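Undergrad: Here's the letter readout for the chains.
Protein chains: 2
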Amino acid sequence: MELALGGLLPPASQLPQRLHEAMRYAVLGGGKRVRPLLVFAAGELVNAPVERLQHAGSAVEMIHAYSLVHDDMPCMDDDVLRRGKPTVHVEFDDATALLAGDALQTAAFEALTMQALADEPADQLRMVKLLANASGAAGMAGGQAIDLASVGQPLSLPELEHMHILKTGALIRASVLLGSYCGEPLASAQRDKLDRFAKLMGLAFQVVDDILDVEADTATLGKTAGKDAAHDKPTYVSLLGLKEAKLRAAELEAEALACLDEFGTRAARLRELAHFIVHRAF
Amino acid sequence: MELALGGLLPPASQLPQRLHEAMRYAVLGGGKRVRPLLVFAAGELVNAPVERLQHAGSAVEMIHAYSLVHDDMPCMDDDVLRRGKPTVHVEFDDATALLAGDALQTAAFEALTMQALADEPADQLRMVKLLANASGAAGMAGGQAIDLASVGQPLSLPELEHMHILKTGALIRASVLLGSYCGEPLASAQRDKLDRFAKLMGLAFQVVDDILDVEADTATLGKTAGKDAAHDKPTYVSLLGLKEAKLRAAELEAEALACLDEFGTRAARLRELAHFIVHRAF
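Keeping their order, the protein sequence lines are chains B and F. Here the first sequence is numbered in this note's numbering, starting from 1 and rising by one per residue. Here the second sequence is numbered in this note's numbering, starting from 1 and rising by one per residue.
Where hints are given, some of them may not hold.
Identical chains share a label here; the pair holds if one copy fits it or two copies do between them.
For lysine to any residue, the following SDA-like pairs were computed, each having C-alpha atoms within a straight-line distance of at most 25 Å [stated by the list, open to error]: (1) K227 / D93; (2) K199 / P10; (3) K129 / L15; (4) K227 / R266; (5) K129 / A216; (6) K243 / A138; (7) K233 / L15; (8) K233 / Q14; (9) K193 / A230; (10) K246 / G6; (11) K246 / V214; (12) K85 / C75; (13) K193 / F263; (14) K129 / S13; (15) K32 / R269; (16) K227 / L239; (17) K129 / A4; (18) K233 / R18; (19) K193 / L273; (20) K129 / L8; (21) K85 / R18; (22) K85 / M114; (23) K32 / E255; (24) K85 / Q153; (25) K129 / G183; (26) K233 / F92.
Calculated from the structure, these hints are not laboratory results. All of these numbers come straight from a predicted model, not from anything done at the bench.
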């Protein structure tokens, strides 16, 4: 994935250099790569060729990276630390961060069109649609807008869940589905099970993020810890308490694993990832 | 086009409302719609169905609108007036402008995948690739980065031209080509002629923009006039002088029109648009 991302991003030696450097800085050399890992793990279910998964994985990771760059900007979360390094607008400047985020989003869609990623072009178009839907106003960007509007506001658990389903869940889900498009077709019932798994993983990811924001320190996280409480943001921990939030994460993991039962050993990587997402320390 | 754009944008009544309102504010109720007009005019060459052209035209206009929203932000041009109204970050706030621009870019790619836009899905994938290439680091965003780096810097005419080919030209060119994909296939020689026309129009558009920035007033333009000189930006006028710049625009128009000769009456709208682009007053 690191090689694939490096190859798909414009070279830092080429004009406009500062933009390209900022794009590479935002994407390379850091990050858990959870979304590309999900693409690859779902690809294993359908015997997908590695090269297709590299492109699909790069696309979701670029969308994720662009959202972090913009989210960290002074007019949003105004954060200075990401993946253990200065954020893009700190290392470069605000204008370059804005443009680099913009160009990373475009590069994500470009990555889905550079070579055949599914057996049928119509399926590849569905992949583009899926990524767009997961990233835009009905997905990630919409979730960020709700998040922005909810600072200092009391949210109910369903409202919080809805926000996270959009903000984080949609792209996690898209990662799994994108991987599954890259190989042999799944039966419709299997696709539904996988989709359910993907949705549960999206929620589990966010519950654990909220727990880590309270329990982990900044050095381990590579980003500023305790940020949610400092910004008076509603989280699973603030709504449920730490103990209940951990219970919720465990429940989500169990339910997600059950969705994989019928896939047998081909789902081994997806099971490992479910375990990692729930039990990670950063 | 206004109806098509209104229908493709998320409704202002739906959550997150502020994001949706900002997206609609940025796109609806203003703008010359030059890019969608080029999509439609090129569509006439190939008997393209109107509904396809509406989606393709909406996609380019959303990319254009997102770039204006971000370009006007305080960390970029810091402008308060656009299309005769307060800019998005002034009417809403910086964070909403950032997210609205982001979500508009996504909506553009989504608009290219919502229904069949070409006879072959593989051609529709080429449309997505074309728009991505024209919008990203190798196109519009790259041009903006060069523009940013060139404030107060002496640029040669070839350097200025290169910047504009990316910043404005790429999306103008994409508009024409997207329209031409929506109908009957063009012969390869015809496609080349049309592509040449599109490239020349992209340059002509920018030369005239530079002339208008000097000659027109803010009320006529609907955006702040005299901005280039105030920001010490190199322009065709600052490099060539006003008289030479006008001559250059006329030459580009003549050369562009010559590319359309073989298309006969089917190119009537493209000819009208070429005339409008060069002789417009705003």
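Undergrad: So, for every hint listed, does it hold in this structure?
TA: Here is what the structure says about each hint:
Taking the shortest Cα distances, K227 and D93 sit within 25 Å of each other both inside one copy (22 Å) and across copies (22 Å). In this homomeric assembly, K199 and P10 come within 25 Å of each other (Cα to Cα) only across copies, at 23 Å, whereas the closest approach inside a single copy is 33 Å. With identical chains, the CA atoms of K129 and L15 are at most 25 Å apart between copies only, with a shortest distance of 21 Å across copies and 31 Å within one. For the homomeric pair K227 and R266, neither the shortest alpha-carbon distance inside one copy (38 Å) nor that between copies (60 Å) is at most 25 Å.
In the homo-oligomer, the alpha carbons of K129 and A216 never lie at most 25 Å apart, since the shortest distance is 36 Å inside one protomer and 42 Å across protomers. Taking identical chains as interchangeable, the C-alpha atoms of K243 and A138 are never at most 25 Å apart, the minima being 31 Å within one chain and 50 Å between chains. In this assembly of identical chains, the alpha carbons of K233 and L15 lie at most 25 Å apart only when taken from different copies (19 Å versus 40 Å within one copy). Within a single copy, K233 and Q14 get their C-alpha atoms only as close as 41 Å, which misses the 25 Å cut-off; across copies the closest is 22 Å, which meets it.
In this assembly of identical chains, the alpha carbons of K193 and A230 never lie at most 25 Å apart, being 38 Å within a copy and 59 Å across copies at closest. For the identical chains of this complex, K246 and G6 are neighbours neither inside a copy (36 Å) nor across copies (44 Å), given an alpha-carbon limit of 25 Å. Taking identical chains as interchangeable, the C-alpha atoms of K246 and V214 lie at most 25 Å apart only when both belong to the same chain, with a minimum of 12 Å there against 63 Å between chains. For the identical chains of this complex, K85 and C75 are neighbours both inside a copy (20 Å) and across copies (22 Å), given an alpha-carbon limit of 25 Å.
In this homomeric assembly, K193 and F263 come within 25 Å of each other (Cα to Cα) only inside a single copy, at 10 Å, whereas the closest approach across copies is 53 Å. Taking the shortest Cα distances, K129 and S13 sit within 25 Å of each other only across copies (24 Å), while inside one copy they are farther apart (33 Å). Taking the shortest Cα distances, K32 and R269 sit within 25 Å of each other inside one copy (15 Å), while across copies they are farther apart (52 Å). When the C-alpha separation of K227 and L239 is checked against a cutoff of 25 Å, the pair qualifies only within one copy, where the shortest distance is 16 Å, while the shortest distance between copies is 50 Å.
For the identical chains of this complex, K129 and A4 are neighbours both inside a copy (22 Å) and across copies (18 Å), given an alpha-carbon limit of 25 Å. Taking identical chains as interchangeable, the C-alpha atoms of K233 and R18 lie at most 25 Å apart only when they sit on different chains, with a minimum of 19 Å there against 34 Å within one chain. With identical chains, the CA atoms of K193 and L273 are at most 25 Å apart within one copy only, with a shortest distance of 16 Å there and 52 Å across copies. With identical chains, the CA atoms of K129 and L8 are at most 25 Å apart both within one copy (20 Å) and between copies (14 Å).
Proximity of K85 and R18 under a CA criterion of 25 Å is satisfied intra-copy only: 18 Å inside one chain copy versus 32 Å between copies. Taking CA atoms no more than 25 Å apart as the test, K85 paired with M114 passes in neither setting, with 31 Å inside one copy and 39 Å between copies. Within a single copy, K32 and E255 get their C-alpha atoms as close as 23 Å, which meets the 25 Å cut-off; across copies the closest is 53 Å, which misses it. In the homo-oligomer, the alpha carbons of K85 and Q153 never lie at most 25 Å apart, since the shortest distance is 31 Å inside one protomer and 31 Å across protomers.
Within a single copy, K129 and G183 get their C-alpha atoms as close as 18 Å, and across copies as close as 21 Å, so both meet the 25 Å cut-off. Within a single copy, K233 and F92 get their C-alpha atoms only as close as 28 Å, which misses the 25 Å cut-off; across copies the closest is 21 Å, which meets it.
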